[in-house]
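**Q** Chains as they are written, first to last, in this note's numbering: chain X, 1350 to 1483; chain C, 18 to 364; chain R, 190 to 568.
Derived from the structure by calculation, the hints contain no laboratory data.
One should not assume that every hint holds.
Here are a few chain X residues that face chain R, going by a calculated C-beta distance under 8 Å [what the hints assert, rightly or not]:
hint: 1; residue: Val1368
hint: 2; residue: Leu1377
hint: 3; residue: Gly1381
hint: 4; residue: Glu1383
hint: 5; residue: Gly1397
hint: 6; residue: Tyr1400
hint: 7; residue: Lys1401
hint: 8; residue: Val1425
hint: 9; residue: Ala1429
hint: 10; residue: Val1462
We treat Cβ as the ideally placed atom computed from N, Cα and C, and that holds for glycine.
Listed below, chain by chain, are the residues.
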Amino acid sequence: MGQEADRMRRNIIRVALVVVLVALGFGLYVLGKEHTIFVENKDIVVDGVEYKSANTINVIVDDIELEDVKKGKRKVAYSAGPWHRIKAVEVFPDGTTREIERKFTLSPNDTAVINLVALFEVEEGWLTIEQAER
Amino acid sequence: MFEGIANLIEKAGWPRIIIALFLLSLFVIAPFVNISIGTSISDTLVRFAMNSVLVLSLVPMVQSGCGLNFGMQLGVIAGLIGAVTSIELGVTGLAGFLTAIGIAIPFAAILGFFYGLLLNRVKGDEMVVATYVGFSSVAFMSMMWLLLPYKSPNMIWGYGGSGLRTTISVEGYWLGVLNNFLSIRIGNFFFPTGTILFFALIALLVWSFFKTKLGTAMTAAGSNPVYAKAAGVNVDRMRILSVVISTVIAAVGILVYEQSFGFIQLYMAPLLMAFPAVAALLLGGASVSKASMGNVIIGAFLFQGILTMTPSVMNNLIKSDMSEVIRIIVSNGMIVYALTRRTKVRK
Amino acid sequence: MKDQSLTRAKNPLVRFVISNAVPILFVILLIFAVPLSGFSTDYLLNEIITRLGRNSFLVISLLIPVMAGMGLNFGIVLGAMAGQIGLIFMLDWGVVGIPGIVLAMLIGTPIAILLGMLAGMILNRAKGREMVTSMILGFFINGIYQLTILYGMGSVIPIASDKLLLPRGYGVRNAIDLISIRKALDNMWSIEISGVSIPLGVFAIIAALCIFVFWFTRTKLGQDMRAVGQDMQVAATAGINVDRTRTLSIIISTVLACYGQIIFLQNIGTINTYNSHDQVGTFAIAALLIGGASVAKATIPNVFIGITLFHLTFIVAPRAGKELLGQAQIGEFFRVFVSYGIIAISLALYAWRRQVEKETERRQAKAAIKAAVEDGTGG
């Protein structure tokens, strides 16, 4: 009677607690998973149009300063969580610059490859996501 | 028939049976992985012999109610002092060994006496106090080994250092002095007759001691102190006596070990020495309050058997050395098991 | 257990000195040793603050079993192992920073609870011998832990990260670096006062734990534990499930030790997979005892005073030994001697007192019976 209801209630609370903790675990996993983010300053073809890499580009991913990525080179940044921001500054031979800032989202098991050239030129296609290789 | 077996299992206890079967299976597997039974058995025998006296040393204290002697290190230290001094004096061979014993015994007796006094003040908690007294004494002696004025070049650090080395070889002094006495060698098989005889001698002494009036009084003091006191036994004195005897035997025990092992190990090496000995005794069927010669022999044999066979067989079987881990699990598991058995008559 | 003792002296100063004999002894020792060692005050201050941050959680985890009459829980090493397993999975899954730490704690918790339950069960079967049993149980579970880590991980238990595994493909490496979470808690919030950096984040967590412990002693469960600690039989007649309460105290202690070890390791920055947890029990207990606690009574001030004194001795001993006797090694052995010796002395004193109490009780009971009999025959 009263006892059974009590036991029921206690079990429900226990199950609920476990569910909350597992959900918390998931949340932590997504929030804290470190991603490998490659940035490369290389030629790329997007939708049939070829973009050539020309100048050195200074890159900041989240709060990691990757500094200068020279033409044809690739650098890597490690950053945790789902939401990221990349800011790139292209330095022209005459000293002028242009910069661009974009945001992107990653799922826990993603590895990102960002083409810096395309970053400036196109809306989509500068970000390639690879499934995690372990 | 089944009842008989069930009785045996209950009396022997599951852990013991499991371990005995485990050892048996190791022996069975051995030939299939290219391990010679002859070598295995003689290795086990040698290790049994060299550890036997140390395990034996635990018996008096168990019988008198002082529990498992986790402070065996005190006796070991006395033995080490004897060994090192004997080498300092330069005596070799059997004479050197006996000198070591001769020096060790008075130290052991004195240490044992004070240790016994301490244990009498902490009745009921002997084991945990003993453990930490044992640990701190090893640490204390570690400081002493650095400072004591030993000079023999075989023992001190080279290049003008001071203080004793960590490991000192007894080769050229009394290595194998007991092992090789009247030993039997048939091909791969080696029987360390001398050591076994020596152990048998001491075991006989202990066994007959317990048959004497004094020995019976000691056992009474352990199994039922209130009754013993009423019967006129000075319980406290029995306990101190048992501690002194245990410590002295432990001092002799470490010397027996060293003559077989070949090295004197100083500094922190003796720190955990009590545990394998205790585990072996328990493995042989002893409890926290009762131990017999049979327990010593069976236990030491089983324990050393596992220690010898596991590395060789396991290594060839799964190409990996599990022996250390197995040793930890088996020895400590046995002790936990023994500690959780309900004792019948206590306090 | 009541703490009746030699503190019956009338003079309050004498009483203070006797009941705080151990910390006072260490303060005197340090007054000589610190200048001898030649370390600067700044350096020592920094070190102590770091160590307080690093170790307090672990030492506090010892308090609850003492309250419940279980003595000093050498089994906190079980919690430490659970924490390390949590960290291994966290590393394998690539979760970093604060979320990583919390995740490691989350993973370690069920393991710690299970181990705590096991320990509680075993200790209940060894009533009167809890301390030895928890010590040996610690060794035993260490063996199982090593079996799991050395053989299970990478083979039966899925660990894929190459950084963690040994070259042979299974078994975890000896030393794993925790760069991904190193000082994550420390740096979360820290301030500098005249050259000394204080990790407020960690201290905030420790403060929260202290408040939790304080609050806990006032809950029904806490009061039950106190009652069980005072006298198991009286508690049983009062309707308290003694065994369950004792087990709960160990579970809580083990879980707290799990978190404590994670906090400890994130500060150090490396896990020695096979060794890091070895001395957890000994050092924490030695620190607590040096702080003036006993087997029957341990309070929060004991924790902080103890850690300070213990670690000061630890840092200062080798150099002081070198100045005094010409060999730094002596100092190192000295501090090992101190750790073990302090536990030996405290345990011996406590056991001695308990024996004296029992004998006094017995004598009083006999006298009471005698008097009653005489009364009966006389009246």
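**Q** Now tell me, hint by hint, if it's right for this structure.
**A** Do the hints match the structure? See the list:
{"no.": "1", "hint": "Val1368", "result": "violated (13 Å)"}
{"no.": "2", "hint": "Leu1377", "result": "holds (4 Å)"}
{"no.": "3", "hint": "Gly1381", "result": "holds (3 Å)"}
{"no.": "4", "hint": "Glu1383", "result": "holds (5 Å)"}
{"no.": "5", "hint": "Gly1397", "result": "violated (36 Å)"}
{"no.": "6", "hint": "Tyr1400", "result": "violated (32 Å)"}
{"no.": "7", "hint": "Lys1401", "result": "violated (35 Å)"}
{"no.": "8", "hint": "Val1425", "result": "violated (14 Å)"}
{"no.": "9", "hint": "Ala1429", "result": "holds (5 Å)"}
{"no.": "10", "hint": "Val1462", "result": "violated (18 Å)"}
Hint compliance for this structure: hints 1, 5, 6, 7, 8, 10 are broken, all remaining hints hold.
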